[in-house]
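Chains as they are written, first to last, in the working numbering: chain S, 347 to 460; chain R, 43 to 154.
In short, the hints are calculated from the structure, not lab data.
Treat each hint with caution, since some may be false.
Straight line, CA to CA, 27 Å or less: simulated DSS-like cross-link-like pairs of lysine-lysine [said to hold, decoys possible]: (1) S:K386 - R:K153; (2) R:K153 - R:K110; (3) S:K386 - R:K64; (4) R:K113 - S:K387; (5) S:K442 - R:K84; (6) R:K100 - R:K110.
One letter stands for each residue in the lines below.
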Amino acid sequence: ETGVTQTPRHLVMGMTNKKSLKCEQHLGHNAMYWYKQSAKKPLELMFVYNFKEQTENNSVPSRFSPECPNSSHLFLHLHTLQPEDSALYLCASSSKGTGGETQYFGPGTRLLVL
Amino acid sequence: GENVEQHPSTLSVQEGDSAVIKCTYSDSASNYFPWYKQELGKRPQLIIDIRSNVGEKKDQRIAVTLNKTAKHFSLHITETQPEDSAVYFCAASDANAGKSTFGDGTTLTVKP
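If we strip away everything but chain R, and leave its shape as in the complex, we get:
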């Protein structure tokens, strides 16, 4: 089955700096890669996703890049703000598998 590794497990940055979280996956059949943000005491929510036919996707201060050959994808947050502090989960899924495999999460802390 699919195996997703996420790094780092914790990340602390100064407000205004950039943050990068990386994930690797094992199953070359995976073709959908969402990122979820979970604020303290709240439910995980999708913030951005990318499909395997695209190399990069941006939405304001967040972007995701995908390298299918190397089987890794990354979340980039620019101009970080304290409200970006949360746990971020990456996931990989194969449209035929019927499920997503999640990474173990990254706790991001943005210091004012």
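Bound-form chain S, shown alone:
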């Protein structure tokens, strides 16, 4: 599937590293989302962007910094992460962020923080 792509697919980083996750959608959607998926909380919404504007920050620590330069691209900048941040990070998009439409997920980035 090529609708929503994410890179890298796997990432190992130390607590002092800085890295970025990238998401790209080819569906012409206007809303993009970051989710964290872990055994503790299966699908935890982090951020919502609607027409490049952040409309939701679900009390996410500042060591996670999102960036949405246009409606097709979404980044998650990571710095000074903790081991408990190890999880699968899923990006999703929808036609518009009104909540009443299907979300299309990317394959995720499996992150391990050492």
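Mind docking chain R on chain S? Use the hints.
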């Protein structure tokens, strides 16, 4: 905000049997209820959805029912097959809220 509870957390059935997963929601303004299936190592994908103006929707072996008064909706899978084994997530969303709230998922195992 919206709160979605999903039960059971795990479900094991014999091939050919039916499976039912139930979700309750708290916000009466929620009007869109999708179900996603996530196979092991893969991304969540929509399998069926229902809007608040409809009580039931079917698509081959899967169906979803919605009771707005009681604020609950259910996924029904009939004639289960091993390839139905996956984690299933329900969600509830309000068209004005700009986001969906997901349940914690149900791990369905279909034994051959």
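To see whether the hints hold, each was checked on the structure:
A C-alpha spacing of about 26 Å is found between S:K386 and R:K153, which places the hinted pair at or below 27 Å, so the restraint holds. Our distance criterion of 27 Å between C-alpha atoms is broken by R:K153 and R:K110, whose separation comes to about 33 Å. Between the alpha carbons of S:K386 and R:K64 the distance comes to roughly 20 Å, so the proposed pair stays at or under 27 Å and holds. Restraint check: the Cα-Cα separation between R:K113 and S:K387 comes to about 23 Å, which is no more than 27 Å; the hinted pair holds.
Straight-line distance between C-alpha atoms of S:K442 and R:K84 comes to about 24 Å, which keeps the hinted pair within the 27 Å bound. With a C-alpha separation of about 18 Å, the suggested pairing of R:K100 with R:K110 holds against the 27 Å cut-off.
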